[in-house]
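Peer 1: Build out the structure end to end from the sequences listed, making use of the hints.
Number of protein chains: 2
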Amino acid sequence: MRKKNYKQVENKPAVLVDGTPVENVYVRWLIDKEHDGANNFAMRHFEIKPKTEVPLHSHPQDHEIYILSGEGKFYNDSGMEEIVENGDVIYISPYEKHGITNIGKTDFIFLCLIPYLKE
Amino acid sequence: MRKKNYKQVENKPAVLVDGTPVENVYVRWLIDKEHDGANNFAMRHFEIKPKTEVPLHSHPQDHEIYILSGEGKFYNDSGMEEIVENGDVIYISPYEKHGITNIGKTDFIFLCLIPYLKE
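For the protein sequence lines, the chains are A and B, in the order given.
Going left to right, the first sequence walks through residues 23 to 141 as this note's numbering numbers them.
Going left to right, the second sequence walks through residues 23 to 141 as this note's numbering numbers them.
Just so you know, the hints here were simulated from the structure itself, not pulled from any lab data.
One thing to keep in mind: the hints can contain errors.
What the hints assert, rightly or not - Chain B is nowhere near these chain A residues, computed Cβ spacing over 12 Å in every case:
1) Val37
2) Gly41
3) Arg50
4) Asp84
5) Lys127
6) Thr128
7) Ile136
Claimed, not checked - To be clear about the criterion: a stretch of chain A counts as covered by chain B if any three or more of its residues have a C-beta under 8 Å from a C-beta of chain B, and this derived list gives those stretches:
8) 23-29
9) 56-63
10) 106-119
Computed from a predicted model, the values in this text were never measured in an experiment.
The beta-carbon is built from N, C-alpha and C at its ideal position, and this holds for glycine as well.
Peer 2: In structure tokens form, the structure reads like this:
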């Protein structure tokens, strides 16, 4: 059993899966394989600054997302858009293209969990 | 991409992995295989009423937990205890025995994610 507070975990500049940095987006890997031995999936805490967008991207891993604060928009490349706030949940399927925009005046903050895919 | 609010998901009486009901504990399966096609892991929202305890139990799945509100205690069978509140994170390893007590005056509410183990 391991306990942390999210503030104790380093808040790093985020990068897309291909390594592209995304300015004004920060990520804390709250629970992961490296630090916790969590081999099945990882819990990440994302902070997107106002007027910031994470561009459309995709990968084999799905995402399970829980919104903590702020106001954001999730969208895909088929014209789907979802406006979200605290208590909303988003599921993004494997390989589904997705983008995220902070549409509020405060930081847009959410948990985003991602599997460690097995061979 | 699927969006829900946690309140839209049915709040069911919780049971332990062996099917034992736990009184005054409620669970919402926010993202799961059955409703969302999430095959890697599930996101559950737990609500433990005041003066309620989830007894020690264990299973092959690990848990990744994020505390949303209230005050609780996580413990194992080796004398470890962790008092937690909003913003705290708990990782419980596969097969580690764990119990949970609401030690506050309000509902103790957290997200608890669990993998769908592959063969």
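Peer 1: Tell me, in ascending order, the numbers of any earlier hints that this structure violates.
Peer 2: Hint check: 3, 4, 7 fail, others pass.
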